[in-house]
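S.K.: All chains, full assembly: derive it from the sequences and hints.
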Amino acid sequence: MAEGTLYDGLTAQPHHVRAVAEAGRLELSQDSGWSDSVDPALLQRIDAPRGMLRLGRSDVPGWRLTVPAEAEAELGALLGKRERYGRWIDRVGLVPALVIGGAITASVVAIGFLAPHWLAPHVPMAWERKAGSAVVGDFGSMRCRDDKGQRALETLVERVAPGATKGPDAIKIAALDIGIFNAAALPGGYVVVLKPAITETDPDALAGILAHEVAHIRRRHVTEALIRELGIGAVIRMFAGNVGANAEQLLALSYTRDNEAEADADAIAMLKRAGISPKPTAELFTSLSRDEGDAGSSYGTEFLQSHPLSGKRAQRFAASFNPRTHYRPALSADEWAALSNICGSEQN
Amino acid sequence: MDAMTSAPAVSGRSIEFTGSLREYLPIAVTNALLTLVTLFVYRSWAKARERRYLWSRTRFIDDHLEWTGTGKEMFVGFVIVAVFLGLVALGFNFGLPAIALHYGPAAAAVSVIIFYLGLMFLFGLARFRGLRYRLSRTWWRGIRGGSDDAGWTYAGKSVGYTLAGFIAAGLLYPWAQAKLWNQRWNKMSFGPLDFEAHVTSDDTRGAFFGFWGALIVGNIVIAVFTDPNVVVFGPGLPRLVVPLLCYVAIGATYLNYLAAYYRAAAEWTRIGDIEFRLNAEFADWLKFYAATVGLAIVTLGLAMLVYEFRKWRFVTAHLEAFGTVDVDSLTQSQTHAPREAEGFLDALDIGAF
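Protein chains in written order, with the numbering used here: chain A, 83 to 430; chain B, 25 to 377.
Simulated from the structure, these hints should not be mistaken for laboratory data. Cβ atoms here follow ideal geometry from the backbone N, Cα and C, with glycine treated the same way. Heads up, some of the hints might be wrong.
[Said to hold, decoys possible] These stretches of chain B come out as covered by chain A in the derived footprint (C-beta under 8 Å, 3 or more residues): (1) 53 to 64; (2) 67 to 79; (3) 166 to 172.
[Unchecked claim] Computed beta-carbon distance windows for the label pairs: (4) A:Glu344 <-> B:Tyr313: 47 to 55 Å; (5) A:Ala155 <-> B:Val322: 41 to 49 Å; (6) B:Ala315 <-> A:Trp116: 18 to 26 Å; (7) B:Ala131 <-> A:Arg127: 58 to 66 Å; (8) B:Val53 <-> A:Gln397: 45 to 53 Å; (9) A:Asp141 <-> B:Leu49: 34 to 42 Å; (10) A:Ser223 <-> B:Val53: 55 to 63 Å; (11) B:Leu49 <-> A:Ala123: 30 to 38 Å; (12) A:Lys230 <-> B:Asn253: 39 to 47 Å.
M.R.: Dropping the structure here:
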């Protein structure tokens with residue numbers, strides 16, 4: 083028998099009662115003669131501080147019986163199992179729930195991580211072209227439009243990737259009058275080269291850069307990066323033609339380290355097939371890595387960046403140099419002169 | 025049946041939190057683990073468990089509070105709201121360009137304004153219903169709280185007061201905040217008793233102007249010191265230290281305002297014969313938040329697992345209630361117990377009061 087306090091759920095008035103477990107039921111009584119008998123199936127345990135056992139009734143809101151914790155020995159038999167983590171977790175148990183949940187979470191994350199790689203090849207090129215033309219359209223006034231220069235640029239792409247500028251999935255190359263040393267592959271088979279990447283290099287190194295960007299497009303790395311960074315929704319929006327707002331995001335896409343390494347390997351193979359020396363590209367990366375060194379980066383930061391450090395990339399290109407091969411220049415002197423002049427005549 | 029005629033006399037504090045970290049830690053850790061491995065689905069159940077613990081270890085006069093909200097109802101509320109907000113975002117993303125295309129930029133601008141007003145309305149509604157939900161799931165001596173108001177009027181007024189707060193460079197903000205506190209709490213009840221709130225900005229205005237001034241002056245100083253064209257006592261340290269000090273000063277004055285606001289809110293809110301006092305001063309809040317940041321840094325963020333516990337302990341340690349409860353007249357609440365939980369509040373991440 084336990085002495086306790088009962089609230090009836092009607093008023094806040096406490097009632098002093100005796101509680102007994104009898105014949106599988108909870109029997110309550112008072113000296114006044116009042117008594118009640120409760121079906122144990124209706125009883126619920128309720129969180130209470132240490133030293134108290136608190137019960138509720140599923141059929142009477144606010145009905146609360148509080149007895150000392152020692153009553154557990156007698157009343158405990160009437161009560162069901164305590165709900166701990168929530169019924170769905172309790173059913174399997176904490177540890178199995180953690181293991182199963184962990185496995186499900188890991189696979190969902192893995193799918194999210196791998197999906198861009200799997201999906202990219204299946205995104206129609208036509209969707210990408212819409213996005214790409216919208217972006218290049220935005221660069222209208224920045225684009226370098228010298229005809230001879232443009233032809234030379236296309237010749238250079240054809241040298242490293244024969245046939246690349248023709249057909250429905252043609253690579254469309256454009257030079258932009260922007261003063262940053264860079265080149266980028268954009269959705270829809272667009273490759274842009276910024277002015278310093280032409281005026282501060284030589285044809286062979288530029289060939290290496292272009293081969294790298296062409297490889298990104300052919301391997302669908304651009305689409306992959308698009309899905310990874312902007313989500314599948316972005317690709318669908320692209321299909322809907324609503325791209326203008328995303329132009330800046332498209333330019334800021336970055337590739338995974340695996341993708342970069344793959345594009346480098348492709349570029350090396352393309353240079354080899356074209357008979358262009360990989361040495362100038364290697365030298366370019368060496369000088370870029372020296373710039374990175376000046377900026378205070380180190381080999382340790384390679385893991386933090388999507389671009390492998392230029393020093394490592396330089397070594398890969400340099401290693402592919404074969405002294406016995408008879409390399410030919412990527413462009414003739416005339417073509418290079420025209421290309422150097424693509425953005426106007428004040429330089430070189 | 026016989027009722028006890030006199031409630032047992034309680035010495036000392038009327039509100040006391042008896043929870044311990046040793047009891048709470050296993051709850052916090054398993055909550056965090058389960059939340060992680062269920063892709064955050066468990067979050068609603070975790071919240072329910074956490075509140076069941078905190079409420080049940082909180083004594084008010086002679087009985088402990090009880091939280092009866094369930095993880096399931098909170099999860100359902102969250103899903104409904106997530107779907108709704110998703111649809112709203114979709115409408116904004118696709119509908120707006122369509123409006124701009126078909127009716128011109130003026131129509132698009134009007135749509136944006138309507139959209140933001142709508143969001144403010146929903147924010148107000150969420151705040152009201154979140155409070156109503158919490159009271160309806162909070163029990164004491166077998167009696168619960170609630171409200172018979174659906175909060176539509178409050179939501180409308182909250183848009184008005186919030187906009188008014190923005191006018192006059194934000195100087196009316198403390199007035200708007202006090203008004204809104206009263207608007208919400210005057211619609212709430214516990215058992216048959218209505219809450220009465222009469223907060224005015226008299227107690228908070230001064231602290232707010234301090235914050236407002238610090239914000240203006242601080243930003244000017246920061247702008248001057250971070251401007252590379254301005255030479256300040258030579259290069260180096262002042263450029264870093266002075267703006268940092270400004271941010272600290274702005275934060276401190278804001279905390280001072282919050283302390284004043286919650287103190288006034290507690291002081292001017294009552295229910296039946298019960299009055300409240302929150303004796304947390306600026307220094308107490310500062311200590312609490314400094315400890316929060318310090319612990320988070322030292323434990324690499326793990327201390328945030330027990331943040332809710334620490335906050336509850338802090339508030340209950342400083343909150344006091346005075347007066348008597350007439351337990352005979354404290355009958356069961358006849359308010360409609362809302363079925364929806366605080367999904368919206370949760371989705372928008374709005375605080376407790």
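S.K.: Check the structure against each numbered hint from earlier and tell me which ones fail, lowest number first.
M.R.: 6
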